[in-house]
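Engineer: In case you want the letters, here they are:
Number of protein chains: 2
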Amino acid sequence: MAEDMFKEFREHSVAEFFKKNRQMLGFSGKVRSLTMIVHEFTTNSLDACEEACILPEIFVEVKELEGKDHYRMTIKDNGPGIPFSHLGKALGQMLAGTKFHRYIQQRGQQGIGAAACTMFSYVTTGQSTKAKTCYNGKRTIADISIDFKKNKPIITVIEEGPAEETGLEVTSEFKDVRYERSNYGVYEYLRRTALANPHCTITLIEPNDEKTVFPRSIEKNPSKPFEIQPHPLGIGPHDLLEFAKHSKENKRISSFLQNTFARVSAAKVNELKELAQGIDFNKNPEKLTWDEAEEIVKAFSQVKWIAPAMDALVPIGKEQVEASFNNIFKPDVLVIAERKPRVYRGGIPFMIEVGIAYGGGVVEAQKRGEVMRFANKVPLLFDTGGCAITETVKNMDWKRYNLKNFDEEPIVVLINLVSVYVPYTSAGKQAISHEEDVMMEIRNALMEASRAIQKHISGKRKANEMATKRKVVSRYIKQLSSDLAKLTGTDEKMVEKKLEELIDEKYNRGKEEETEVHEQNERIEEENDYEDREEA
Amino acid sequence: MAEDMFKEFREHSVAEFFKKNRQMLGFSGKVRSLTMIVHEFTTNSLDACEEACILPEIFVEVKELEGKDHYRMTIKDNGPGIPFSHLGKALGQMLAGTKFHRYIQQRGQQGIGAAACTMFSYVTTGQSTKAKTCYNGKRTIADISIDFKKNKPIITVIEEGPAEETGLEVTSEFKDVRYERSNYGVYEYLRRTALANPHCTITLIEPNDEKTVFPRSIEKNPSKPFEIQPHPLGIGPHDLLEFAKHSKENKRISSFLQNTFARVSAAKVNELKELAQGIDFNKNPEKLTWDEAEEIVKAFSQVKWIAPAMDALVPIGKEQVEASFNNIFKPDVLVIAERKPRVYRGGIPFMIEVGIAYGGGVVEAQKRGEVMRFANKVPLLFDTGGCAITETVKNMDWKRYNLKNFDEEPIVVLINLVSVYVPYTSAGKQAISHEEDVMMEIRNALMEASRAIQKHISGKRKANEMATKRKVVSRYIKQLSSDLAKLTGTDEKMVEKKLEELIDEKYNRGKEEETEVHEQNERIEEENDYEDREEA
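Line by line, the protein sequences are chains E and D.
Under numbering that gives the first Met the number 0, the first residue of the first sequence carries the number 0, and numbering increases by one thereafter.
Under numbering that gives the first Met the number 0, the first residue of the second sequence carries the number 0, and numbering increases by one thereafter.
Isolated chain E, as found in the complex (with noise of 0.2 Å):
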């Protein structure tokens, strides 16, 4: 019996395991699965063109075919292209790529999304994948599909020759897709898309033909994000063997330290040495030891450092948000938090921008306690329950700020992570898990803004309040005129203008208040305080 249960062990490539689990890379429903490729496409395109400095232009066609819930996409890019050693590898080969070791804001991380794309086509076609490349004069078509078992790609050229662009278009086929114009359809995504990357001129062709252009509405790319090194904060004592291992052309482990990490300058070693004094820091760190690297991380945690580099993170930026929020919605208040950088499991850097939309506008929209969700200027639309990010917005104590029940109200939150390092919850990249550190940030940003909102419908509710009363006390003019005129022997009409100018004075003044907060469209500037850890 038990001979026989061990006559099926097998081993398994990521591929088929991904192939099996589809749903755990977004291939879940069918609407969601084409916004899915989508997506994984111009992610792709969106990084390659910030990397290489080119302005993106985007062309997503969605064609539908003969059968059932079947399409063809073509997604095409004016980015630098894939040099043709890399082609089948980039589309055919799961976890390969530029991107998965990297310590840089970028939309992709993982080397999945454009393999899934093609085993997605293969799985409910059986048709390849066909792919132009131009790159650095030469351009390539080949077909591509994978060999699920290896994990390898199958590559085909179909033709070659001279290239005066640069670019990559990849047109599949799919089955067990639906086109929509919902919430969760590609047309959304993609207006999301434009919205946080104002650059990118994306063009998209419908099922129907019709033609939508999302046009950039800055003509320069944004500061680019810079690859960064890892903070010592951030570091465990794997991490710091993995790196001392692979660090050939560091011979002793003070070098080593100072050229892998940030902010470790030779001064930091001298702390680190006094900290770790059973150290030879003049060894060479291929030799370190499990013992020895953890003790170098206590020592990193009793030094001050310097936060990880503050520029290397882009967010999508403030003007940027409220030109956008303005254009949708045309909000009563609008309010953007953009905060300062920090740093979640000991070292990652993140930052958080969060912008409010309250009232005006949106009431006309119908939007009630909406969320949109960004994780590196890239939109999330679906898992929304299982996202920290969700969570932290429905956790927020809104009543605080006069907000009754944040589902019925007016309101939509934009909330944008940006890091080096995004911690989705699964290789569908959707939502966020639940470190600690972002959730805080989250709500340190949420609260934020939220007092603007605060202020506003307080402001409101003061100005009811003041009209209610201006309206009662108003009722006793004509009687108390007319009353005080006796008394006093002076002209009636004379003493009800001086009461009216009386109550104008003492109940305007609420007006004002209101309609200074309604102009405000208030943004916050906060010292955040993660670095008292500053160098002396």
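Derived by calculation from the structure, the hints in this document are not laboratory data.
One or more hints might be untrue.
[Unchecked claim] Derived Cβ-Cβ restraints for the label pairs, each shown as a range: (1) R460(D) / E435(E): 39 to 47 Å; (2) P214(E) / M309(D): 36 to 44 Å; (3) S457(D) / F5(E): 50 to 58 Å; (4) E10(D) / S300(E): 27 to 35 Å; (5) R180(E) / S84(D): 53 to 61 Å; (6) I327(D) / F5(E): 37 to 45 Å.
[Stated by the list, open to error] Listed below are the simulated DSS-like cross-link pairs for lysine-lysine, each with C-alpha atoms no more than 27 Å apart in a straight line: (7) K398(D) / K398(E); (8) K148(E) / K98(D); (9) K210(E) / K129(E); (10) K470(D) / K497(D); (11) K6(D) / K137(E); (12) K62(D) / K247(E); (13) K131(E) / K6(D); (14) K148(D) / K250(E); (15) K286(E) / K129(D); (16) K98(E) / K149(D); (17) K129(D) / K19(D); (18) K6(E) / K98(D); (19) K129(E) / K151(E); (20) K403(E) / K461(E); (21) K317(E) / K459(E); (22) K19(E) / K149(D); (23) K149(E) / K151(D); (24) K19(E) / K247(D); (25) K272(E) / K244(E); (26) K244(E) / K149(D); (27) K223(D) / K98(D); (28) K366(E) / K403(D); (29) K505(D) / K477(D); (30) K148(E) / K137(E); (31) K62(D) / K131(D); (32) K366(E) / K459(E); (33) K223(E) / K250(E).
[To be verified] Stretch-level coverage of chain D by chain E, calculated; a stretch enters the list once three of its residues show a Cβ under 8 Å from a Cβ in chain E: (34) 19-31; (35) 423-431.
The C-beta atom is built at its ideal place from N, Cα and C for all residues, glycine as well.
For this one, chain E is given, so just place chain D on it according to the hints.
Structural biologist: Positioned in the frame of chain E, the structure of chain D alone reads:
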């Protein structure tokens, strides 16, 4: 610039992927991480015992060690053990095992869990994992860790010898975890495991040396789930081709179909031939093309099939759910709905069992609108928000069943999804993805079970109304009997007694009704109409 980008191109192993993204395996948060470790090993132990027809005895010890958040875990079972030839891969290689490719109800289904624990232990403490396996008369003790770059085990034998018993014992150290007796802790996890697996004895020794035994309440293994062939209705063209490619023993498509898939008889093959006339059913299955596979899949969908084998799925069972609920809560009403098996995605068999406890001890236990989720009898404690089970419960129109606000009612709902493949949203296996068929079936099961709750509540309400009416009417008895006695000249006491009897008769009916509902512990057995597709 673009050249530079592709210098960074790398290939990564699945072990590296999950090492970096360990939150996708459920390793996020200290308490949760510790529970996940126990989860991985106990599910493996239960699966192994079940397959080898051994009554499971599981021993879990959590010991706190020196240093911050530092623990040693020992998990031991009396299962068949693992042969030494497979030990390294079973505990030190991801995507290796006996479960991934099989169509059978099992708790594990990925071949990741155990290696994930070895990974987590190594990454947080630098220690290898110690395993003692007693298999087929042989005892081996070995140290195991993982070569992450290659996703291969590193194994060192420490001791070998003869063994009289069988079983597996694994000991690992972990940091970055925490023991807590909360709703998300090991104690609660094992309590729920015992609840759903009454044939198993679990012993827990907590860090404070407190020993808890959850003893078995049934001295017999439940009927054993068996491996089934895939059902034709659950097969896409790609699956069909994959099966055909590896079908060495079948020389013809006709025999391949009969031997590979459930419910395909010679008569059915003839029906398929009629529907797919362009295909030569005598040709070698290896030569099947995509177009032909599509045609056969289309024919599959046009033939009437018997449903997948019903008895391949083994639920917790009505008696057991009832006994457990009565043990814990002694509720006023207890309803168990066990539905017949159905299929999702066309052909994957699954079934839903639902238990609802309302009032009584639930009030005393201060439980309000609680959902206890299980998949193949494994408790799901985490990722509540992103789970299709939770969402279905929350989206029920509970008001229809006299429940005003689910979250505030004294109600506990148990839902167990049983299937040969559980569609988890991520490798951490804590939430079910949004499969329409599964959600609809959960909904139906809930609706059935809720009717009894409704009856109970409206019975109670009626009884209250009756009692009030009786009180009102009773006020007049005294006066009325005295008046009637005078008018008719009869004895006042006698009239009073008669009137009281009349009232008793009229108003006691309500009381009886309530008692009836109270005692019914209703079980619902419902005709399940999946198979109007019966064989002629």
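Engineer: Taken at face value, is the distance from the CA of K137(E) to the CA of K148(E) at most 27 Å?
Structural biologist: violated (32 Å)
Engineer: Quickly compare the C-alpha distance for K403(E) and K461(E) to 27 Å and report which way the hint goes.
Structural biologist: holds (16 Å)
Engineer: If you draw a straight line from the CA of K366(E) to the CA of K403(D), is it 27 Å or shorter?
Structural biologist: Holds, at roughly 26 Å.
Engineer: Between the alpha carbons of K62(D) and K131(D), is the straight-line distance 27 Å or under?
Structural biologist: holds (18 Å)
Engineer: Please work out if K317(E) and K459(E) have their alpha carbons no farther apart than 27 Å.
Structural biologist: The hint holds at about 26 Å.
Engineer: How about the stretch 423-431 of chain D: do at least three of its residues have a C-beta closer than 8 Å to a C-beta of chain E?
Structural biologist: holds (count 6)
Engineer: With a cut-off of 27 Å on the C-alpha distance, tell me whether K148(E) and K98(D) pass.
Structural biologist: holds (16 Å)
Engineer: Using the beta carbons of R460(D) and E435(E), state whether their distance is inside 39 to 47 Å or not.
Structural biologist: holds (45 Å)
Engineer: Given a hint of 36 to 44 Å, does the C-beta separation of P214(E) and M309(D) actually sit inside it?
Structural biologist: violated (58 Å)
Engineer: Is K286(E) close enough to K129(D), meaning Cα to Cα at most 27 Å?
Structural biologist: holds (24 Å)
Engineer: Please work out if K62(D) and K247(E) have their alpha carbons no farther apart than 27 Å.
Structural biologist: violated (39 Å)
Engineer: Is the Cα-Cα distance between K129(E) and K151(E) 27 Å or less?
Structural biologist: The hint holds at about 16 Å.
When the structure is compared with the earlier hints, violations turn up for hints 2, 12, 30, 33 and for no others.
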